[in-house]
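Asks: Chain by chain, the residues:
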Amino acid sequence: MSGMSGDELEFTPSKGLTVGVEIELQIINSRDYDLARDAADLIGLIEKAPHPGAVKPEITESMVELNSSIHPGHDSLASELKVIRDTVVQAASRLNVRIAGGGSHPFHTWADRRIYPTERFRHLLSLYGYLAKQFTIFGQHVHVGCPDGDVAIYLTHILSRYVPHFIALSASSPFQQGEDTSYASSRLNTVSAFPLSGQIPFVHSWSEFLEYFEKMRGYGIVESMKDFYWDIRPKPEYGTVEIRVFDTPLTVEHSAALAAYTQSLARYILTDRPFAPQRDVYTLYNYNRFQACRYGLDGKIIDAYTQRHVTLKEDILETLAVITPHAAALGNGLALAKLAADVEAGRSGASRLREIFRERGSLNDVARVQSDVWMGAGEPAKAKEAPRP
Amino acid sequence: MTTFLPQYPFPPSPVLLFGLLLLAGVVGGELVKRALNLPRIVGYVLAGLLLGASGFNLLDEELVQESWIFVEIALGLVLFELGRRLHLKWLRNDPWLLATGLLESALAFGFLYVTLTYFGVQPIYAAVAAAIGVATSPAVVLLVAQELKAEGQVTERALNLTALNSVVAFVLTTMLLSWIHHEYQAGWTTIVLHPVYLLGGSLALGFAASVVAIVLSRWLGQRAERQFALVLALIVLTIGAARMLDLSVLLALLALGVFSRNLDTRHDVMTVDLSGIGQIFYVVLFVVSGAKLHLVELMTGGGLALAYVAARLAGKMIGVMSLSHLSGVRPGTALMLGVALTPMSGLALAMVHGTADLYPEFGARLSAIVLSAVLILELIGPVAVQFALKRAGEAKDAV
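Protein chains in written order, with my numbering: chain C, 949 to 1337; chain V, 3 to 401.
A hint or two may mislead.
What the hints assert, rightly or not - DEER-style ranges, computed between Cβ atoms:
hint, chain 1, residue 1, chain 2, residue 2, range
1, C, Asp-1220, V, Asp-266, 52 to 60 Å
2, V, His-327, C, Leu-1075, 32 to 40 Å
3, V, His-327, C, Tyr-1186, 33 to 41 Å
4, C, Ala-1293, V, Val-173, 52 to 60 Å
5, V, Ala-316, C, Arg-1302, 52 to 60 Å
Hint data in this document are derived by calculation from the structure and do not stem from the laboratory. Every residue, glycine too, gets a C-beta built ideally from N, C-alpha and C.
Model the full assembly from the supplied sequences, consistent with the hints where possible.
Replies: What follows is the structure, encoded as structure tokens:
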């Protein structure tokens, strides 16, 4: 049995509306820019130097995960992420590997991946077979603090309506296994293959949620909350709601901006309580999600509350206008203004990667530039342009 | 009446020879892999031994000479690939890697020189034999890494250290050339200019070829299939030019690799996968180096050979172990790194190839000292690399 006791399912209250992120990153080699497998050496080296946050292994040896601390708003989060990034980049340079953002590596072959040797990851390989290696995709998780479990359940249901926003704003996995997938975010198709992916059941309170969880545990389907690969899930031990649909953006600046958007939206939801949870959100969920994955900001979704058809670009811009006062209250105003400018111009990580491919002509070079951009070196030829997501 | 039938003895055919070497290698490699689970390279070398002077003598001196062209192409491919992996930026980011490379080279040279003179070898022979021992066999390390599909810090660092100690060994042997010339009463111009010509000329040739590679790659665009042919063309061209100009094939190709990687600031030259075509030539390379070995020499020079192997190993191990941890790699990495530098190849003698042609007597006496050590290391080396990379968890099926 896992160490998960009843106590750990108790919702640890956290200071409302704080924010923190986990970012999964690619470790790539400096030779042909394919994925490398130096996670253990990299983490070992980083551990030797003092740094904020934490750096952890992920399921394959080509991945590393950064965790931020808990933050009141965008600015402190962004500056901490930059410090962690610089620490990681410095360690990577000593090992001659590179670190890249983006939701997928453009051309690695999943069969070449090796599972990071811990008991949990080995168990996942034996359970999920090849899916475990295909899970070498890179996402960002945003945690929003909640005072209690009931609030967390409410927030989860309302945020579900905005899942397409999160996908379109972060989409940066147009290439997989050496091909243009035609998707803005192809990463989520890989997640969908897991049997415990999807959404939280339509429960109304923490106690009702616990009943569901105990039932699933009784069947032996899950051992802990970790086993649910839902798009949004409550995380009782942290006292947060965790949004997991983001592709890892190309820069840490964009990572912080996405966290600011989520946090401002959560403040709007929990302060104004604009909607009640509705089943139709989940009826339309997969269609809207697909639109966001496939077309990014150009995707057309159906709003479950108004039955209106609207493009994601319009819907996000409208939402940004609505949450402006909340963003201002959290000190996130500037970050969201930049985000709005990108959405207005139709810029996304996916469109940028496709542009790099058109310019350079090889996916090896896409991976190289992808890592240059994340490591803060930028593209030499493009240095003069305004920073983009 | 029977004029349409071939006449015995058959005329020599390089094509037939190439096929024979390849076939012998493939069979030998597979047998060794299946029966003993050792690297295929060991099988290639054993196949060569069996076919060569120590075995059935099917591959006599003349045929070995005949096959030299294949060996040079193979070496060219290996050195180019190795040069591509020598990333100067890494040496700046991790100066301890460079320091490790210089220290282990220096200690290997020092230990070997002292050991050989202790055993009564004349200083000049001791120095040249020690310089040859500084180099780790690039072909063995690269091939075993490819066979195991190994990647990670031990693999990458071993390849970079191999590139470094190959350069050091080359510079040392070239400098020692002056001494040899002096010994044989050559004129002062030869003593001074020959090393300069070898070093400068080979570097210049590699540099020129790398400029062509960069310019043409930019023109061809980022297409792996086009750049593959380009790279192959330049490798073969550079080998041919180096031969023609009596330069060093090894240094020219290493320089081509290093320059084409490190001068390519706009990232126009793609890293193309040469392992497929390389494999064919590598098999032949090792069969031929096996055929060149003489078991008899091991019997006569066995004691000295063991001392040579031990001194070399001690120098490399102490060098690597004393500095590697400063690079911040995981504990245990240093030991495996030291082990992975064990291989030595008879082709190290190619470094003084020209000398042997100029002064046959010198070449013969030098071979007598070095070749029995080579025989031991040619067989143990691949096993050591395989052990190190597997133990470090960097081989493909480690988990």
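Asks: All the hints need checking, so say for each whether the structure fits it.
Replies: Hint-by-hint comparison with the structure:
Look at Asp-1220 of chain C against Asp-266 of chain V: about 56 Å separates their beta carbons, and that is inside 52 to 60 Å. Taking 32 to 40 Å as the suggested C-beta distance range, the pair His-327 of chain V and Leu-1075 of chain C conforms, at roughly 38 Å. At roughly 37 Å, the beta carbons of His-327 of chain V and Tyr-1186 of chain C sit within the given window of 33 to 41 Å. Here the CB-CB span from Ala-1293 of chain C to Val-173 of chain V is close to 56 Å, well matched to the stated 52 to 60 Å.
Checking the proposed 52 to 60 Å range against Ala-316 of chain V and Arg-1302 of chain C shows it holds: the Cβ atoms sit about 56 Å from each other.
Going through the hint list in order, the structure satisfies each hint without exception.
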